[in-house]
Amino acid sequence: MVLGKAVCVFEQQSSDVTINSENEESRRGFTATNMLPDDQGILCVTADQQFLFYSCTRTDEGTFQLNLYKRLIGYNDEILDLKFVGEDEQYLAVATNLEQVRVYDVASMSCSYVLAGHTEIVVCLDTCVSASGKTLVVTGSKDNTVRLWDMEKRSCIGTGKGHLGAIGCVAFSKKSKNFFVSGSSDRTIKVWTWDDTLIDAGGEVPLKAKAGVAAHDKDINSLSVSPNDGLVCSGSEDRTASIWKLPNLVSSVVLKGHKRGIWSVEFSPVEQCVITSSGDKTVKIWHVADGSCLKTFEGHTSSVLRASFLSRGTQFVSCGSDGLVKLWTIKTNECIATYDKHDGKIWALAVGKRTEMLATGGTDSDLNLWHDCTMEDKQEDFLKKEEEVLRGQELENAVSDSDYTRAIQLAFELRRPRRLLELFSQLCRKADPEDPIEKALVGLPKEGLRVLLEYIREWNTKPKFCHVAQFVLFRVLRSLPPTDILEIKGISELLEGLIPYSQRHFSRVDRLVRSTFLLDYTLARMSVVDPDVDAGTTKDSSMNNVEMAPAEPAQDTPEKPGRKRKSSKTTSQSSKKSSKKVKASSSAVVSVEA
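To convert a position in the sequence shown, counted from 1, into the numbering used here, add 12.
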């Protein structure tokens, strides 16, 4: 088909793709468009790797209008900062290597809209809910300006100019919600104020700096306002953190102790202390009044880029260049959990105040959401323990009722090998024609058989329990066909552990059986087994086989002079000794014959 004539029916300048930077011409506008089937609209691809879905509608005047109904982000680039937005923290504002701020829906993680206005990369941001209930966002950029945004209107309502370098950090007030502070690479801190008339005025108006101070010798990386709006803390690459009195930025305390530059600072929500993280791989907690270091936490393998309080100041979370997120308990100075979900530096960390969520982002362009599941885990553990107690009582009831089949099944399901061994030991000593072990093995899955063979292998290594292990193993081999046993996962490793010890036990039992034959022979020769029969038999055979020699008449032997005749007592003792020698010699003969 050849088109003879084409007519433009609608043209729309989309702020979603407009980039104001003069040196970013290659990233401006659409790169491709495509009509979607079934009148679903138009799909547009932008130079900054966004997929925009537009629906085409006709107005009452007969003109066409394109409405953006869906946005997909193809690539975030490096995530530099992020914060939860709104009273219910439904959205997440993210600053990446772009002049725009992307606002994500936390539930679906889809990009709802963008805030466009800066001419250079947005480096930092902060959010608050004003006294009038308006949700505000302040952003700082490499264009040396700060911008105040009304999230309901999704537009910039104020611009602050005055810094001579890139804005590195911004922070809203915590109590009054009518000012914010900014820190820059020009090493200065400025305080910016506004009122509700500015929000309701409409349009974009200039913001004025109420106070300013040259705060540090190097770039300022982080700012935090105290909960009562009386102090502001700044962290710098000059390895110090300073506390300033508001609203005039009068120096109060200088915190010294870090060996490298400080990347983040934050006031405790309940205590008069501040937390700092540094490039020296440590996190420190300082007293606000005198600037003394209260605690030092070590555990990261590289620079700690962010640290923030949790659980009303009893815990804190940190992240660093090593890509790790660590959870710490302040009271014990212990790291209780470490999470590894990033492949690069973690520049951004946001803590939800109401939803108990964390958000992290870094150089790997990944945006991760973390949910505090402490209460869910405790509830789950409680239910598991309760279920285990009930089933344990059912196990003991089955043992009391001599229902060994059910008892074996329960002990196996509860993974109690010690109790299972006791049940098998009782059955080993007790002859039961019904054989409850084989009944319990019926219907046992392959994984259950594997676990049972592991138990048997462990018991078989100990001589004390080897007979029980062989007792159970015999019933396993008798009740299951070889094909089912060979299908068990890891059966070769299990057999390698069973065969050597089984051969050793068999050899030991064989030696014991053979040694009992010698015992029977010895007892028979010693006339111990049946003394009456053996004594009579021995006496008769002795009388028949032994020929008695004729007795010679006794002759009186003359006694030599000077010698005494031996007494009858001496003769009796010598006869006892001779009888002992005879017994010993007879025993020796038996040993030789054996």
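In case anyone wonders, no lab produced these hints; they're calculated from the structure.
Any given hint might turn out to be false.
Below are the PhoX-like pairs computed for lysine-lysine, each with C-alpha atoms no more than 25 Å apart in a straight line [to be verified]:
| id | residue 1 | residue 2 |
| --- | --- | --- |
| 1 | Lys189 | Lys222 |
| 2 | Lys501 | Lys476 |
| 3 | Lys268 | Lys257 |
| 4 | Lys165 | Lys146 |
| 5 | Lys458 | Lys442 |
| 6 | Lys474 | Lys442 |
| 7 | Lys257 | Lys230 |
| 8 | Lys186 | Lys165 |
| 9 | Lys390 | Lys353 |
| 10 | Lys257 | Lys187 |
If you anchor each label on the Cβ, the simulated ranges turn out as follows [stated by the list, open to error]:
| id | residue 1 | residue 2 | range |
| --- | --- | --- | --- |
| 11 | Glu398 | Lys222 | 28 to 36 Å |
| 12 | Tyr87 | Glu164 | 26 to 34 Å |
| 13 | Glu346 | Glu400 | 24 to 32 Å |
By construction, the Cβ of each residue, glycine as well, lies at the ideal position given by its N, Cα and C atoms.
Regarding the pair Lys257 and Lys230, is the alpha-carbon distance no greater than 25 Å? Judged against 25 Å, a Cα distance of about 20 Å means the pair holds.
Given hint Lys222 paired with Lys189 - CA-CA distance at most 25 Å: 15 Å, holds
So the hint says 24 to 32 Å: do the beta-carbon atoms of Glu346 and Glu400 match that? Holds: the Cβ-Cβ distance is about 28 Å, inside 24 to 32 Å.
Are Lys165 and Lys146 close enough, with their CA atoms no more than 25 Å apart? Distance of about 10 Å is within 25 Å: holds.
Checking one constraint from the list: CA of Lys268 to CA of Lys257, max 25 Å. Satisfied? 18 Å, holds
Do Tyr87 and Glu164 keep their Cβ atoms within the hinted range of 26 to 34 Å? 29 Å, holds
Straight-line Cα separation of Lys390 and Lys353 no greater than 25 Å? With a Cα-Cα distance of about 24 Å, the restraint between Lys390 and Lys353 holds, given a limit of 25 Å.
Does Lys442 sit within 25 Å of Lys458, going by the straight-line distance between their CA atoms? At roughly 28 Å apart (the allowed maximum being 25 Å), Lys442 and Lys458 break the hint.
Starting from Lys474, check that the Cα of Lys442 is at most 25 Å away, please. 22 Å, holds
Can you let me know if the beta-carbon spacing of Glu398 and Lys222 is within 28 to 36 Å? Check failed, 59 Å falls outside 28 to 36 Å.
Does the structure keep Lys186 and Lys165 at a Cα separation of 25 Å or less? 23 Å, holds
Lys501 and Lys476 were given as a pair; does the straight-line alpha-carbon distance stay at or below 25 Å? The given pair, whose Cα atoms are some 28 Å apart, is violated under the 25 Å limit.
In summary, the structure is inconsistent with hints 2, 5 and 11 from the numbered list given earlier, while agreeing with the others.
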